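Chemist: So the chains spell out like this:
Protein chains: 2
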Amino acid sequence: MTLPDHIDGYGPVQAFAAVDARTVAKSMGAGRGSETTPRRGSSEKLRETLRAAILETGLRNGGTISFHHHLRDGDDVLRRVMAELADLGFKGLRVAASSIFPAHACLVDYIRSGVVDRIVSSYITGPVAEAISAGALPTPAVLQTHGGRAWAIESGVLAIDVAFVAAPAADSGGNLNGVDGKSACGPLGYPMVDVRFAGHVVAVTDTLLDYPLSRIDIAQDLVDLVVVVDTIGDPARIVSGTTRVTEDPDGLAIARLAAEVIDASGLLIDGFSFQTGAGGISLAVADSVADLMRRRGIVGGFAAGGITQGIVSMFREGLFRVLFDVQCFDLAAVASYRDDVGHLPMSASLYASPGGKGAVVDRLDVMILGAAEIDTRFDVNVTAVGGGRIIGGSGGHADTAAGAKLAIVTTKLASRDNPKIVDRVECISTPGESIDVVVTEAGIAVNPRRKDLIEVLGRAGLPLVSIETLRRLSAQAAGRDGPACRPQGRIVAVVEYRDGSVIDLVRQPLAG
Amino acid sequence: MTLPDHIDGYGPVQAFAAVDARTVAKSMGAGRGSETTPRRGSSEKLRETLRAAILETGLRNGGTISFHHHLRDGDDVLRRVMAELADLGFKGLRVAASSIFPAHACLVDYIRSGVVDRIVSSYITGPVAEAISAGALPTPAVLQTHGGRAWAIESGVLAIDVAFVAAPAADSGGNLNGVDGKSACGPLGYPMVDVRFAGHVVAVTDTLLDYPLSRIDIAQDLVDLVVVVDTIGDPARIVSGTTRVTEDPDGLAIARLAAEVIDASGLLIDGFSFQTGAGGISLAVADSVADLMRRRGIVGGFAAGGITQGIVSMFREGLFRVLFDVQCFDLAAVASYRDDVGHLPMSASLYASPGGKGAVVDRLDVMILGAAEIDTRFDVNVTAVGGGRIIGGSGGHADTAAGAKLAIVTTKLASRDNPKIVDRVECISTPGESIDVVVTEAGIAVNPRRKDLIEVLGRAGLPLVSIETLRRLSAQAAGRDGPACRPQGRIVAVVEYRDGSVIDLVRQPLAG
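If you read the sequences in order, they're chains H and V. If you count the first sequence from 1, position 456 lands on 455 in numbering that gives the first Met the number 0, and the numbers rise without skipping. If you count the second sequence from 1, position 197 lands on 196 in numbering that gives the first Met the number 0, and the numbers rise without skipping.
Because the hints were derived from the structure by calculation, they are not lab data. Treat the numbers as computed from the prediction; the structure is a model and nothing was measured. Some clues are possibly wrong.
Unchecked claim - Quick partial rundown of chain V residues pointing at chain H, CB under 8 Å, derived from the structure: (1) P137; (2) K356; (3) V493.
As the list claims (entries may be wrong) - Simulated coverage check for chain V against chain H, where a stretch passes if three residues somewhere in it have a Cβ under 8 Å from a Cβ of chain H: (4) 107-114; (5) 310-324; (6) 470-477.
All C-beta atoms in this analysis are idealised placements derived from N, C-alpha and C, irrespective of residue type, glycine included.
Start from the sequences, fold in the hints, and give me the full structure.
Modeler: Dropping the structure here:
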């Protein structure tokens, strides 16, 4: 049969040539008994070494590689990959890691030796943060929010050449999950975005199971290569912070007040949605909210996060119908994700992207946030203190504050001799426009923009004070005022808001 | 704080302006008791009418709209949407429906009135097929494979302006699933691709549940609008074909032979993977394979499809560890998808896209296929017979044949007076290069390319014959030869192979 070159209403005709190469090769496979099955898989995606996989991606000097932080301070995949890259002589790489922990200290050496010259992340602590603050990078680090990172990837602003996925379980076809294997860490919410847009995707696993996995978090159509190593890390170190409710009397008082704010807001009704970090005060707030829900028979819609044991308990008790889980904060959450219907995985995009068609953060009623500093404009700093010292970054802070109907910062007036409420924060992580209430042991300050809240909280008899009063009390409690002015020296990090705009800079102090 | 316009190593600086509009609006929400929760959802995505949703998408004359066929001949969403579009005066639309059934007969009128002037689909039967064959469309219809459709969408070749999703359950945030509600149809494998690439996504549901759904097949970050209607269709009509094993002696003989071919191929070992259509002979093959697996204690890796009650039974018996399900073919499969761990949803891309990083079809050991005609080059026709009469199309036929290690066509020699094995098929749906074996009641023909198979099947004592012999016996059984030549008239459909190349054309007979 001959085809025309062009068909009206269809256009140019590209004639069929052949079934593709993969298929032509199939005649080699069948009819050989037990040789058949392993051969097929291994010839496709499994690579013997990380080095072989890296070379196959075609990564070049100056390229961008991505990592994710579901194993948190227990992650060993970034270190393994970087060691290979350094050994292979790569230079000038950009590391786009969703978060960077002390376990990733190796990056400091690779920055010094020029293997890495740019870092993009949403949260950086430990030696890498110290090195960046000290000016180790030739160009400023970029600090994004979790949602901002997702959107940067989706919109093409952050183009990833190779995404490395630490996969607790994988099969030879490239299906991955976070529930099987010795390093189970729960849903793989962050790399779910990377793998859709990266040029190449390399999964690194310590548990290769028979094809196909019976649970899939990231499917084979998005994964190029699979490498098996002896360990991807230590899941016992997923728990980085506290998992215990605060016992500090001031902390408990703050938690009680925060719960009263939630109660008075009118949001605590059936369908209630809630997110909190993993700190001791946050856990106490969750406890108080759980008590209120229990007493009144309220069934919440969902809790989101960063899921912890405390939230899992509320879910299993029926206080929430659904958990939206981008990342497990402890092993109880991992077990629940494995076992509980309604404990749903959530990509970073679904969680918090400002560019999608509606993120889960936009459906939050109440978000409980922490702060290193908060100022009289309600701007919050979780990024840098003490003259350019990077202490983390937004993570989901700015995302959840922007989305939640009621964004509550809970904080003590002072941490040792550091005032927490100041005139101007050293660095803005989350704009005050999206912070509604600050709860301290000395009372509650409501953002003046929220006249509706001032009215209902006042009517409920809650101890409202001005943010200026809290600033004064904070200085008294600490025995000193906050920083008089921002550092004016070299820019070591650019702080992006979730939409990619620049909301602040981290600078070093001027020398001398 | 003033930001520099440009930062070395970062680039131009776009300064933060404001938290986005959605967030600014949040001060209107809180503190009003029970008004709060419904208000939030309804103000975002719920629209009162299909018409309001359509107008909001900005669809223009000449645009492309997509539909999916999980409710098969019971679907009422395409009809509802088209009625609104016609009423609104739209013209020249392209309808990209994953399949078109008799239930979609309304399209014939819309083609005549110019509302629709192009159709892209993977399978068309009933009045729309007849109309296309009769030349109703001003331009040729385009017939793709299921995997080819996914790849056309992913690669931008098929750009969809508005994807309409028939959603058995939805919430106000735009999360969708196929397991809850009166019209549950199972996983929404086809629109899973559309929603990622369409300009706008409108979900049409008859079951709006509290936010959030506790099972999610398509998440809210991919859905713009939700419309509630009284019914999206009749799930009782999901079952279009037979669900009963053939009782015809020839059919049973063919099924037994096909099972013997599988057995002799050496593929029937632990990890075995399998797919079959829903016809009576296919079901009988599955029964025979199940017997073999049971007797030998073989545990298969997965079955894929198009999942039927028979395959669900094998899965529940433990004969397969996993089901990959792009679409349920009956209500037993729907119930299993809802209830059974390991019964996994599969997007059309994961199922069959030739452009992804490895589709499930590429991992198939054995595929059981049907044919309207097959010729001495092993080319298969499931598209058009009798002089340009469209009878369906590839669906996943060419995809699974290309991927499977052993692609078996089962067919009787003749259907009434129509010979099934012919000299040249009227229209090529699947190239013979990817067909390995033809099994008939008169013996088994192996594609000469598969010398390995000829050897092992011969050694097993199976009744091998040449395809030429089968062609002769087929003509004898039917009492006549196949069509002497192809129609040479006007082109009514372009048949694309899965990679988007043109493998054949459907033409009308020359007049006179």
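Chemist: Now, for every hint given, state plainly whether the structure supports it.
Modeler: Going through the hints against the structure:
1. P137: holds (7 Å)
2. K356: holds (5 Å)
3. V493: Where the cut-off is 8 Å and the nearest Cβ of chain H is about 5 Å from V493 (chain V), the hint holds.
4. 107-114: violated (count 0)
5. 310-324: Answer holds; 3 residues pass the 8 Å Cβ test.
6. 470-477: violated (count 0)
Hint compliance for this structure: hints 4, 6 are not met, and every other hint is.
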